[in-house]
Amino acid sequence: MGCPLALCCLLTLLLPLLTPGASMSPAERISQAYDPALYMRKNTSTVLQTYLQCQGSPLSDSGFSAPELQLSSLPPADISFKTWHALDDGEHLSRVQGPFLALTQHLQLMGNDQRDPNPGSPILLAQLSDARLRAQGLLGNMAAIKAALGLPTPPVEDTPGLVPFGASAFKKKRRGYIVTGEYGHWPDRAMRDLALLKAKYPI
Amino acid sequence: MRSRVDDAKIPEPRFWSNWSSWKEADAQKSLGRDPLFLFPKDKLVEEGSNVTICYMSRNQQDNISCYLEGQQIHGEQLDSNVSAFKLNKVSFIRKTGTNIFCKVDQKDVIKGIVLFVSKVLEEPKDFSCETQDFKTLTCTWDPGTDTSLPKRSSQSYTLFESFSGKKILCEHKNSCNWQVDSDSQEMYNFTLVAENALGNRSVSVLFSLTHRVHPKTPYNLFLKNVSGTKATVTWKVHPIGNYSTLLCQLDLLGEGNVIQQHNVSIKENGEYLLSELEPDTEYMARVRCADANHFWKWSGSISQKFITAEAAPSEALDVWRNVKSVSGRPTVTLFWKPLSKLHANGKILSYNVTVENLDRLSGLEVHSVPATANGTELTLDQDSYQIHVTALNSAGPSPASVIVVSGDPGNEEVEEERVNGTEDGFSVSWKPQSGKAIGYVVEWCDHPQDLPCDLQWKNLSSNTTSTVISSGAFRPGVRYNFRIYEISTERMAYLLEKKAGYLKELAPSDNPQVVVSNLTSHSFTLSWKDYSTDSQPGFIQGYYVYLRSKAEKECHPGFKKATLPDKSACCQHRIDNPEQKTFVMENLQPESVYEFLVTPYTSAGSGPLDAFTKVTTPDEYSHILIRIILPMIVCVLLIMITCYLKSQWMKEKCYPDIPDPYKSNVLSLIKSKENPHLTIMNVSDCVPDAIEVIHKPEGSKIQFLGASKSLTETEFTKPAYLYLLPAEKNYSGPGPCICFENLTYNEAAADSGSCGHFPVTPEALPGQPGPLTSPENLLKALEKNYMNSLGETAAGEASLNYVSQLASQMSGDKDSLPANPPEPVLCSEYKMQMAIPLGLASPPPAENSGLSSTTPLDQSEHYR
Numbered sequence: 001m002g003c004p005l006a007l008c009c010l011l012t013l014l015l016p017l018l019t020p021g022a023s024m025s026p027a028e029r030i031s032q033a034y035d036p037a038l039y040m041r042k043n044t045s046t047v048l049q050t051y052l053q054c055q056g057s058p059l060s061d062s063g064f065s066a067p068e069l070q071l072s073s074l075p076p077a078d079i080s081f082k083t084w085h086a087l088d089d090g091e092h093l094s095r096v097q098g099p100f101l102a103l104t105q106h107l108q109l110m111g112n113d114q115r116d117p118n119p120g121s122p123i124l125l126a127q128l129s130d131a132r133l134r135a136q137g138l139l140g141n142m143a144a145i146k147a148a149l150g151l152p153t154p155p156v157e158d159t160p161g162l163v164p165f166g167a168s169a170f171k172k173k174r175r176g177y178i179v180t181g182e183y184g185h186w187p188d189r190a191m192r193d194l195a196l197l198k199a200k201y202p203i
Numbered sequence: 001m002r003s004r005v006d007d008a009k010i011p012e013p014r015f016w017s018n019w020s021s022w023k024e025a026d027a028q029k030s031l032g033r034d035p036l037f038l039f040p041k042d043k044l045v046e047e048g049s050n051v052t053i054c055y056m057s058r059n060q061q062d063n064i065s066c067y068l069e070g071q072q073i074h075g076e077q078l079d080s081n082v083s084a085f086k087l088n089k090v091s092f093i094r095k096t097g098t099n100i101f102c103k104v105d106q107k108d109v110i111k112g113i114v115l116f117v118s119k120v121l122e123e124p125k126d127f128s129c130e131t132q133d134f135k136t137l138t139c140t141w142d143p144g145t146d147t148s149l150p151k152r153s154s155q156s157y158t159l160f161e162s163f164s165g166k167k168i169l170c171e172h173k174n175s176c177n178w179q180v181d182s183d184s185q186e187m188y189n190f191t192l193v194a195e196n197a198l199g200n201r202s203v204s205v206l207f208s209l210t211h212r213v214h215p216k217t218p219y220n221l222f223l224k225n226v227s228g229t230k231a232t233v234t235w236k237v238h239p240i241g242n243y244s245t246l247l248c249q250l251d252l253l254g255e256g257n258v259i260q261q262h263n264v265s266i267k268e269n270g271e272y273l274l275s276e277l278e279p280d281t282e283y284m285a286r287v288r289c290a291d292a293n294h295f296w297k298w299s300g301s302i303s304q305k306f307i308t309a310e311a312a313p314s315e316a317l318d319v320w321r322n323v324k325s326v327s328g329r330p331t332v333t334l335f336w337k338p339l340s341k342l343h344a345n346g347k348i349l350s351y352n353v354t355v356e357n358l359d360r361l362s363g364l365e366v367h368s369v370p371a372t373a374n375g376t377e378l379t380l381d382q383d384s385y386q387i388h389v390t391a392l393n394s395a396g397p398s399p400a401s402v403i404v405v406s407g408d409p410g411n412e413e414v415e416e417e418r419v420n421g422t423e424d425g426f427s428v429s430w431k432p433q434s435g436k437a438i439g440y441v442v443e444w445c446d447h448p449q450d451l452p453c454d455l456q457w458k459n460l461s462s463n464t465t466s467t468v469i470s471s472g473a474f475r476p477g478v479r480y481n482f483r484i485y486e487i488s489t490e491r492m493a494y495l496l497e498k499k500a501g502y503l504k505e506l507a508p509s510d511n512p513q514v515v516v517s518n519l520t521s522h523s524f525t526l527s528w529k530d531y532s533t534d535s536q537p538g539f540i541q542g543y544y545v546y547l548r549s550k551a552e553k554e555c556h557p558g559f560k561k562a563t564l565p566d567k568s569a570c571c572q573h574r575i576d577n578p579e580q581k582t583f584v585m586e587n588l589q590p591e592s593v594y595e596f597l598v599t600p601y602t603s604a605g606s607g608p609l610d611a612f613t614k615v616t617t618p619d620e621y622s623h624i625l626i627r628i629i630l631p632m633i634v635c636v637l638l639i640m641i642t643c644y645l646k647s648q649w650m651k652e653k654c655y656p657d658i659p660d661p662y663k664s665n666v667l668s669l670i671k672s673k674e675n676p677h678l679t680i681m682n683v684s685d686c687v688p689d690a691i692e693v694i695h696k697p698e699g700s701k702i703q704f705l706g707a708s709k710s711l712t713e714t715e716f717t718k719p720a721y722l723y724l725l726p727a728e729k730n731y732s733g734p735g736p737c738i739c740f741e742n743l744t745y746n747e748a749a750a751d752s753g754s755c756g757h758f759p760v761t762p763e764a765l766p767g768q769p770g771p772l773t774s775p776e777n778l779l780k781a782l783e784k785n786y787m788n789s790l791g792e793t794a795a796g797e798a799s800l801n802y803v804s805q806l807a808s809q810m811s812g813d814k815d816s817l818p819a820n821p822p823e824p825v826l827c828s829e830y831k832m833q834m835a836i837p838l839g840l841a842s843p844p845p846a847e848n849s850g851l852s853s854t855t856p857l858d859q860s861e862h863y864r
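Quick note, the sequences are listed as chains A and B, same order. So the first sequence is residues 1 to 203, counted in the UniProt record's numbering. So the second sequence is residues 1 to 864, counted in the UniProt record's numbering.
Please note: incorrect hints may appear among the correct ones.
[What the hints assert, rightly or not] The calculated lysine to any residue pairs, modelled on SDA-like cross-linking and capped at a C-alpha distance of 20 angstroms, are:
{"no.": "1", "chain 1": "B", "residue 1": "107", "chain 2": "A", "residue 2": "50"}
{"no.": "2", "chain 1": "B", "residue 1": "107", "chain 2": "B", "residue 2": "82"}
{"no.": "3", "chain 1": "B", "residue 1": "103", "chain 2": "A", "residue 2": "57"}
{"no.": "4", "chain 1": "B", "residue 1": "95", "chain 2": "A", "residue 2": "50"}
{"no.": "5", "chain 1": "B", "residue 1": "95", "chain 2": "A", "residue 2": "57"}
{"no.": "6", "chain 1": "B", "residue 1": "103", "chain 2": "A", "residue 2": "58"}
{"no.": "7", "chain 1": "B", "residue 1": "107", "chain 2": "A", "residue 2": "63"}
It should be emphasised that the hints constitute simulated quantities derived from the structure, not laboratory data.
Turn these sequences into a full structure, and let the hints guide you.
This is the structure:
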């Protein structure tokens, strides 16, 4: 863990998981989930920067962008405003839960990929581990909100599906680039969904 | 493809197999669906290798560009779809590998590979093996750079011994332990193989076991019987076999340096006596050992510090003295330099000063001086004394330092010479005087401007006549005085010579305070007698006198033109005698402003040329005026003082209160010119008729002299008249009268222009014993009381007008008063000339006295 503050945040994230049956109102649940999501959004760029510093060109080039790079197992966070605004409460939460589950698995995969080629960068490995725990915490908060709202909580679909374990080192680097990039977008999406619900269910 | 055995067990030479047959591959098939394919994938190479990379594209029309770590690389097109890039001497960039990628322009397709570059596997360096106990051989080496890479562990090390054919995989990267067989194999041939995924390096060594003995570090090192100069060292070693002998090296270190070194052959216990040690000194004993038969390596060292015991100081103190007279008694200040550590032989506890009178038989005086002091002061008499100074430590005293002093300071009148200073110091030389000197002492102060001046001295042998005095305290611009003493055989010091000099002369920093005197219209005198030439930053060679004036453009004789630092011109006069401290400026113009400056100069230059002093010469006649006006003022002042002191006398002479007509010259003048018959009227001829008493209203109460009754203010709102002649109704005297009034005493009456009459009751004049009817009586009373009344009658309380009625000038007969005077005529007024106190107012005359009968008038009436 990077610092005591990060530990506190993680505990906050995991707290709902430890007490899922607590009788909290939806508004309280939403409010409780909002702050950790906000904190997660602020720290996503750190993971990306650390990752790129370890990989070299072209990934670390300042002007590098590869919008065509995508992972089928990790949907992009972009969505049209009209569609997003038309979502109901359950959809707001469900459409975030799936990608976050995929993020946690990809972050785990990234950690494994980096452990072999980059054993000398414990900072990156620690940051990837933190990011994965935060994503899991947010998932737990989403489930708790759904339960508080009385929405059904079916098991989240396992989106990553097949993982190409035989990928080359360059592909692994590129995959990590996509994952850390999406990790920078999905917390922002989740925070906006939570903000919408927070406004809808004031304390 | 071909192959070769690569195993240390297989002796060289090792041969390559034959090449395999060629096999073709379809590049297009290996592409699969991808538009671009790069080869090789995730290649691991050694740093400095040459690497060839190629790519295949599906569409030969695609424009493909490739990059190595962001830098575009250009390759060779092998066919329409395949291109190759040769990378020469690739270098290590990062552990995550070097990225090489190609992209198809306008399709946003990026394909890449990662080239893992490993550090070069180095040959092990400094490979050697040794034993400490003939049981284990320990081989060590320097592995060099670690070549570890992802998924590839770093290099491994294998130790192979060719005689025994044994091989072990070393657990560490820089050492390996080999167990020696009990049958005592003598010779060993070790091969160390370093190996990683890219290759191997090996190094061999052949040796005899007995030549590779590295003993263990000795132990139990002790010092015993430590005295001031000797100490015994003992130690132990680990035995090596039954017959091995060890050579041990014993070092003695002082202050980090090896002072003594001794070799000792031992089996197990070592012992050595160290001698020639210095007392009270810290040493370190250090021991290491090696095989005495076949030296291979020294063992580790063991050391122990120890301090030798103290001994008596080995050298006498360097003592010097300073003799001065305090209150008429010779006072000797002794100085000595602390003994060096080498000679002190321990901690100095105190100093003993023994004083012996050489002229008289008397007991020895012993003074103990604390160790912290470097001197002491003794008060002696005019006799000669021999002084012994010793330093004491716990082991005893030092040899005595002897010096003889006398109350007679000797010849102090030695002419001072100059000595030049250099960078090395002052080169001082002298001429021997007696030829019996046992040595010389040069004395000086390191800080002559301070108190105490930090007296220093230097002892020199008898055959020396010059020396260089140097000190870190010497500074430029400071005058140092050196005194050279000859030390006689009686150990008495006689002053030989005095020298003074500067390490480097500087220009004076201050100018003298100049006093201007004898200022005249044509000259003035400058003097700076308080200026001390001895305390300057150089030898004063003289002075420059600068003079400038707006009135004069040309310089006076003796002056020459000079230019000041501010480019202004002035006149300069040079005084070559440093003792001439006065100068007369002559040939000046009256009523002119002159500016002057006096500055000293040394060999390094003159003082500051900044603060000129202005002097204005007076005009030519001012001194004459002063000679006249000043005495006049003095005379006037004397006259005024005399007049003030003799004012009473002057008053009586010049303007008395009562002028004496007989003493007046005015009458004679008038008589001679206007009326020769004019005579002086005698007051006694005038018969006073009334006295006017005037009381001022501000007096609340007026006390009549001698009267018990006081009158209130309301009772005296109007003047009272004391009639001395019969009232107007009964008045039969001559008609016109003369009235005299003294204006000095009654201004109010004078202003009214009339003489007043006031009634006086008998009760009001109790103090008057006799009647005042007769003029004589009245005058007598007036004269008698006049002087008293001057002091007794308060001014303003009451005023008295004496109104006298005299015979008319027309009648001319003062004795024949008419019984029935005609109608009153205007009187000539004589205003009273003296104050008559109220107490003098006589009671009313007796009724039978014709002249004194008094009838009170109305208070408003005045008799004229």
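Now the hints, each set against the structure:
1. B/107 / A/50: 29 angstroms, violated
2. B/107 / B/82: 19 angstroms, holds
3. B/103 / A/57: It holds: about 13 angstroms lies between the C-alpha atoms, which stays within 20 angstroms.
4. B/95 / A/50: Holds, at about 15 angstroms.
5. B/95 / A/57: 14 angstroms, holds
6. B/103 / A/58: 11 angstroms, holds
7. B/107 / A/63: With Cα atoms ~18 angstroms apart, residue 107 of chain B and residue 63 of chain A stay inside 20 angstroms; holds.
Taken one by one, the earlier hints fail for this structure only at number 1.
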